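For the record, in the sequence shown the residue sitting at position 47 is 47 according to the UniProt record's numbering, with numbers rising by one throughout.
Hints were generated in silico from the structure; no laboratory data involved.
All figures in this text were calculated on a predicted structure; none of them were measured in a lab.
For each residue, glycine too, the CB sits at the ideal point set by N, CA and C.
There's no promise every hint is true.
[Stated by the list, open to error] Okay, the calculated beta carbon distance ranges per label pair:
id : residue 1 : residue 2 : range
1  : E28       : Q127      : 20 to 28 Å
2  : I56       : E28       : 34 to 42 Å
3  : G120      : I2        : 14 to 22 Å
4  : D107      : T12       : 37 to 45 Å
5  : R81       : E8        : 22 to 30 Å
6  : K19       : D107      : 29 to 37 Å
7  : E28       : E5        : 24 to 32 Å
8  : I2        : D26       : 21 to 29 Å
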Amino acid sequence: MIDREDAERMLTLAKVDLKAIRNMPDPEAFEDSVFGFHAQQAVEKALKAWLTLRGIPYPKTHDLRLLLNLLEGTAQEDCQRFESLVDLTDFAVQFRYDFPTPAHGLDRCSIISEAQSVIGHVERLLQLMDTLE
């Protein structure tokens, strides 16, 4: 059974985190750990919304690799285009509490664009469901 309300709720929460990272382009104003955390959260919530729309149960996890694997294994959808976002997983917990964050800076523009792509994909799935109902 597909829980559309839960999927919409997760997608709304993903958009809140996306809005946050859109307003954090300056690494001097916001540490990578803060930006990375909200980016990871946006992607995690979008993937969970996607899984919910597909009726795929998922465990309580912050592991973006696991969530993508669940989609690839059961939804028969191509998730390869979101592979680079898996690197954000460590920002969910590890980089939030352990220092230092990665030595290389984050490509914030690219991450924002890719997070928006995941969210946009889930939005299109919701719209498609509307046309099929």
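Checked hints:
no.: 1; hint: E28 x Q127: 20 to 28 Å; verdict: violated (38 Å)
no.: 2; hint: I56 x E28: 34 to 42 Å; verdict: holds (40 Å)
no.: 3; hint: G120 x I2: 14 to 22 Å; verdict: holds (20 Å)
no.: 4; hint: D107 x T12: 37 to 45 Å; verdict: violated (26 Å)
no.: 5; hint: R81 x E8: 22 to 30 Å; verdict: holds (23 Å)
no.: 6; hint: K19 x D107: 29 to 37 Å; verdict: violated (19 Å)
no.: 7; hint: E28 x E5: 24 to 32 Å; verdict: violated (40 Å)
no.: 8; hint: I2 x D26: 21 to 29 Å; verdict: violated (40 Å)
In this structure, the hints that do not hold are numbers 1, 4, 6, 7 and 8, in rising order.
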